[in-house]
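Protein chains: 2
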Amino acid sequence: MSDSADLKKAGLKATLPRIKILSILEAAKVRHMTAEDVYKALLETGEEVGLATVYRVLTQFEAAGLVIRHNFEGGRSVFEINQGSHHDHVVCVECGEVFEFYDPAIEERQRKVAESLGFDVDSHSLYMYGMCLGMKRHGHCSKKDGH
Amino acid sequence: MSDSADLKKAGLKATLPRIKILSILEAAKVRHMTAEDVYKALLETGEEVGLATVYRVLTQFEAAGLVIRHNFEGGRSVFEINQGSHHDHVVCVECGEVFEFYDPAIEERQRKVAESLGFDVDSHSLYMYGMCLGMKRHGHCSKKDGH
DNA sequence: GTGTAAACTAGAATCATTCCCATGCAAAAG
DNA sequence: CTTTTGCATGGGAATGATTCTAGTTTACAC
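The listed protein sequences correspond, in order, to chains A and B. Residue numbers for the first sequence follow the working numbering, so the first one is 457 and each next one is one higher. Residue numbers for the second sequence follow the working numbering, so the first one is 457 and each next one is one higher.
Do not rely on the hints blindly, as some may be mistaken.
With a Cα cut of at most 20 angstroms, we get these calculated SDA-like pairs of lysine to any residue [stated by the list, open to error]: (1) 592/B - 574/A; (2) 568/A - 589/B; (3) 568/A - 581/B.
Derived coverage of chain A by chain B (criterion: at least 3 residues anywhere in the stretch with Cβ under 8 angstroms from a Cβ of chain B; other residues may be distant) [as the list claims (entries may be wrong)]: (4) 458-471; (5) 479-491; (6) 562-572; (7) 587-594.
Pair by pair, the computed Cβ-Cβ distance ranges are [to be verified]: (8) 561/A - 502/B: 48 to 56 angstroms; (9) 502/A - 496/B: 22 to 30 angstroms; (10) 571/B - 520/A: 36 to 44 angstroms; (11) 529/B - 512/A: 30 to 38 angstroms.
Calculated from the structure, these hints are not laboratory results. Keep in mind the model is a prediction, meaning the values are calculated, not measured. Glycine is no exception: its CB is placed at the ideal position from the N, C-alpha and C atoms.
Work the whole structure out from these sequences, hints included.
Pasting the structure below:
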């Protein structure tokens, strides 16, 4: 399978936990998952994987560029598969839904600001928090239930 | 003093811990402080304030709009006095220095994106992480020592 | 001044995450 | 295809940040 090859390409041994975690992230209906979410998904598939391993592997995946870690409000990290295309995030604080967007003008202005400061940017993140349309209109989200 | 008045205006009793914490945040040479930083600064002034109180008060200040909480990389919250003027942040991962900037074009594009999604934005944050000029040039930051 | 609700302190508890180390397993070598 | 070798894993303990709890103190209205 290709997950195994992807891991090797990233310089990581193709172990069972890593393959499983990668496939869960790829197949996830909800793209943005906490370590706990991934752990629960593993348990549901009947895998015997420790929570410590999930954290360790997600951190390795982040270092290898396979996943992106986000520090949203709330103090826990969420992860999403890195599909190569950078995008920013809009988070509904009511239902937890995460919307993605990309705005070339914003990216360009950010680049200019960093340049003017003589700053080498490794990564950047733009998050907007608020209430989504579904919550405003119907008191529940159009895509999923409130947490 | 005006700190006491500011607190009452925000609907908070003017207690000693609150007054002290507010004045520390206002007088801070380094604008962005963790709860631990604030706690240590209190101890240095000889105040007997519990760490739990610092966390509670900072959260109340955030709810009252007196301070802004940031969730930078690293998992701990940092706080800064809310001086009314929104700005975004550039964080040097080498020396910890935080630079602030404001770009009206970015703000406008964000507003448009939210509008197109029908999203009511409560707050938004834009962080860039990387290496500052001082670290690149001299191996140390121009403004302060590495952490 | 006095009463009362709100706020405080210290320490225990909780939550997310990481560490530790004996055992397991993937990839390289034979 | 077996052995070797070392990185990876699992589970529980440890850590660090933050929050809760209980009993005590304090700000402020009357």
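Comparing the hints with the structure gives:
1. The straight-line distance between the Cα atoms of residue 592/B and residue 574/A is roughly 9 angstroms, inside the 20 angstroms bound, and the hint therefore holds.
2. Of the supplied pair hints, the one linking residue 568/A and residue 589/B holds, its CA atoms being roughly 15 angstroms apart against a limit of 20 angstroms.
3. Of the supplied pair hints, the one linking residue 568/A and residue 581/B holds, its CA atoms being roughly 18 angstroms apart against a limit of 20 angstroms.
4. Requiring three or more residues with a Cβ within less than 8 angstroms of a Cβ of chain B, the coverage given for the segment 458-471 of chain A is violated, as only 0 such residues are present.
5. Residue count for the segment 479-491 of chain A with a Cβ under 8 angstroms from a Cβ of chain B: 0. That is fewer than the three needed, and the coverage hint is violated.
6. Coverage of the segment 562-572 of chain A by chain B holds in this model, with 5 residues showing a Cβ closer than 8 angstroms to a Cβ of that chain against a need of three.
7. Coverage of the segment 587-594 of chain A by chain B holds in this model, with 4 residues showing a Cβ closer than 8 angstroms to a Cβ of that chain against a need of three.
8. At roughly 51 angstroms, the beta carbons of residue 561/A and residue 502/B sit within the given window of 48 to 56 angstroms.
9. Remark: the range hint 22 to 30 angstroms for residue 502/A to residue 496/B is contradicted by a beta-carbon distance near 48 angstroms.
10. With their beta carbons about 37 angstroms apart, residue 571/B and residue 520/A fall inside the hinted range of 36 to 44 angstroms.
11. The hinted window of 30 to 38 angstroms between residue 529/B and residue 512/A is violated, with their beta carbons roughly 18 angstroms apart.
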